[in-house]
Amino acid sequence: MKTKSNLERVIESKIFAVTGELGPPQSADPEVIRRKAKILKGYVDACNVTDGQTAVVRMASWAACLIAKEEGLDPIVQMTCRDRNRIALQMDVLGIAALGINNMLCLTGDHQKFGNHPTAKGVYDLDSIQLVKMVKDMRDEKKFQCGEAMAVEPRLFIGAAENPFADPFEFRAPRLAKKVAAGADFIQTQIVYNVDKFAEWMKMVRDKGLHERVKILAGVAPIKSVGAARYMKTRVPGMDVPDGVVARLQGVPKEQVSKEGIKLCIDIINQVREIEGVAGIHLMAIEWEEAVPEMIEAAGLLPRPKFVA
Amino acid sequence: MLISKQKPLEEILSYLEGDKNIFLIGCKGCAEGWESGGEKQVAEMKSTLQEKGKTITGSVVVDMLCDSVLTKLKLRAYKKEIAAADSIMVLTDGAGVQTVAELVNKVVHPGCNTLSSGGAHAEWKEAERCLECGDCVLEFTGGLCPIARCSKHLLNGPCGGSQGGKCEVDPNIPCVWQQIVDRLAKLGQLDKLERLVTPKNWSVSLISGPPVKSLS
Ligand code: SF4
Chain C
1 MKTKSNLERV IESKIFAVTG ELGPPQSADP EVIRRKAKIL KGYVDACNVT
51 DGQTAVVRMA SWAACLIAKE EGLDPIVQMT CRDRNRIALQ MDVLGIAALG
101 INNMLCLTGD HQKFGNHPTA KGVYDLDSIQ LVKMVKDMRD EKKFQCGEAM
151 AVEPRLFIGA AENPFADPFE FRAPRLAKKV AAGADFIQTQ IVYNVDKFAE
201 WMKMVRDKGL HERVKILAGV APIKSVGAAR YMKTRVPGMD VPDGVVARLQ
251 GVPKEQVSKE GIKLCIDIIN QVREIEGVAG IHLMAIEWEE AVPEMIEAAG
301 LLPRPKFVA
Chain V
1001 MLISKQKPLE EILSYLEGDK NIFLIGCKGC AEGWESGGEK QVAEMKSTLQ
1051 EKGKTITGSV VVDMLCDSVL TKLKLRAYKK EIAAADSIMV LTDGAGVQTV
1101 AELVNKVVHP GCNTLSSGGA HAEWKEAERC LECGDCVLEF TGGLCPIARC
1151 SKHLLNGPCG GSQGGKCEVD PNIPCVWQQI VDRLAKLGQL DKLERLVTPK
1201 NWSVSLISGP PVKSLS
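Those sequence lines, one after another, are chains C and V.
By the numbering used here, the letter at position 17 of the first sequence is numbered 17, and the numbering carries on one by one without gaps.
By the numbering used here, the letter at position 173 of the second sequence is numbered 1173, and the numbering carries on one by one without gaps.
Bound conformation, chain V alone (with noise of 0.2 Å):
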């Protein structure tokens, strides 16, 4: 189960400053759960958005955001509301935004942050897509986590190992930041790569934090 709980609004709405139009999509597993992203909390946010002159193309809740197999068998039905959307609003932990990420050819905002994975890791297999860091970033790296997927956790961009698309700890991985830079190329947002990320707030973190974490 993933402890997540919504990011405050400002934030969020930082996020969207600039687009106008926005694709909703929750879960119904551990965000329903943790009431960070489940019927209700998608119902709210769309009418908090739209009070805020937001305009909500449409919304959907999945059963398991982070199955990608029933994740785009269920997008498929919205392929109009997403494509209308400047970008996409995914309220959930850090794996179901990183699914959708990997789905959609679109922006996609994280509108949690992930706390704690509760043990179990989602349903992704082939490698770790969240490492409860309590402050989520995938907003600003395409939707893809350097904390989970590179070696030295970087925040600024590439180490100066990155080759050929490898990291340069294990040249079976992929480099996230070379995927990050080809995703914002392909989504024409390099530039959100020019901003100086400042250091990371790891007390939030389960990795630094306390050792059991909880809504409170």
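Excised from the complex, chain C in its bound form (with noise of 0.2 Å):
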């Protein structure tokens, strides 16, 4: 083992892995973790702590996963470039390993053009790529960026993200190549609602062998209205959501639509359950924590095994 993650633990005993979500608050209150983490304790092999979602000010990653830790989850710390330089990033990767928290994913980050502080100065000094490098190199060389050595090596299960349904498409697999050389355990993806799409972007990866040298965890959310849905058709950057998904929320009773949306996200769960090379699956329910229970439980993915780090 390379870290003390639980989920590292999970993925090397070949169980079919689930990692959840949790958004920090707009503000200092620890409550809302802990009762966002008390929900889903016991369903989840490891947590994401979102950084900064969308480009909002929010709690920091490091410090509510910290109190997502106290509550007994794994937690996985987010980590953007959007808003800090390499320098402002390894001091963040040596706190959060001294910490104790064992899971890290690295991303370029959502433009500050979309949160609430649009005029601010965006960082970008490394892409995520380069992140996945950094962080790799650290703990496997004890190097910082600039080749100076260290003593005390950040020991984190490192992860990174890749969109499927972004263009160029044909582009994305050779994408995931690149993150996968550059040092990522596990790859979360971006939700999957065309599972079509998702099918033949992991034959790609398949096809390139990558499917065994990186643990893929399928992105799967459910949704809650048909606004929703279509807010996510048209307004989300890089979110493939089929008409037939629409269509299907459309088609039942008003006050049923939630129940419906939860049942269509089980059965995405099921079908790429049975893709080749899916090590996992990463369910987002963002202010719908409550959700999460259930649908683990009808998934059929219950009981999560214990380690004992």
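There may be inaccurate statements among the hints.
What the hints assert, rightly or not - List time: in silico DMTMM-like cross-link candidates among lysine to aspartate or glutamate, alpha-carbon distance up to 25 Å:
1. 1166/V / 125/C
2. 1046/V / 1063/V
3. 1186/V / 170/C
4. 4/C / 125/C
5. 1192/V / 170/C
Hints in this document: simulated from the structure, not taken from any laboratory.
It should be emphasised that the depicted structure is a prediction, and the values quoted were computed from it without experimental measurement.
Two independent chains are provided; combine them into the complex using the hints.
So this is what it looks like as structure tokens:
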């Protein structure tokens, strides 16, 4: 084992992995995190804690991770290149590892234009691939990006994201190959609604043998309303929501839409599980954590394995 | 006035590895003034490359390389020489290199780093073509600049928000990474994107380097 990560243990034991997601509050209130963490505990192997998602100011990911860890989760700290240069990134990596956080997801980050401080100066000193490589070199070579050595390395299980639905489609598998070459241990994908396209991408991934070198967790998320589906379809960059998905939600009475959204998500979980090379799911029920336990149970993914770190 | 400086010869030669026949282009505008790619430097580069065993199929020094209309007219007279070349070496700033890349369906190598625009932005009117980063990457990106034209200055390929050829940040602007992938595919050079590009040296850029740049 490279780290003390629970997620690494689950994946290495070849158990179909489940990760969740937790969004920190736009305030200094720790209770929000405790409440969400209590719901997720026992249902996920590890849990992403977002880092200023959509460029909105929220509690720092590492701080919320610590609270989530106290509640018994194995947190995955998210780290974006949008707000930090290579100096700040490395300082955070050291601090995060010292605090006992075991996993880190390396992201470029949503552009500052989308958030609540659109006039901010974006950093983007590194891109996500360079960030993966830097963290990997810190862990495995005990080296800073500048080449200098360190005494105690940060033992982090390294993740990256990939979006099979973005363009240029033919470059998406080669881009994943770069993330693997840079040192990613696991990949979480953009939310899958278009299962056919995801399967096509997975085939390109298998053709390159990448599924054997990195563990791929398919992103899934329940949809609460027809409006939300439409919004994702038309307004969220890099999302692919087929017409059939919107139609399915439209086809049920209004008070049953959220139930149908959960069912639809469970169907997708069952479909992606059948695809060769998918090592788990990443369930993003942001601001709908209550839905997670019943979904994981209905998908037949209980009980979650327990490892003593 | 765009201030540029020739890249180290070693770097230039590494770009030309595998190419035997080279067409050389310089500029009588800024590059002449900064002695990075005027008549004299193009002649010098010609003999240097010949010494290194390259064949120069032809060379031209254009009055204002960043003026695409002018450059197009001028290059017409060199159709044969350009066709005979494996690739084109351009000795001027990033704006000029990108003009040539847009006009010619051949691999275009940047021979210079652009240190500063000196307040002017060459002849380009519709888009930012050079951000004076001081360490030109056009060699690896098909002659389209991801520093000036990608909203996140990405160096290892498109972000997850590129869709339908548009940038996630503004649907009115093209995603330059889509354009880079398209152009390299057309040139049969997509493998150029497989390389892991290391973190950029921003200390030579105008963005985070010293505020006033000189050639020294
Ligand atoms: S969509 Fe394209 S141009 Fe826009 S930030 Fe992403 S890679 Fe850069």
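Enumerate the violated hints, using their earlier numbering and listing them in ascending order. 4
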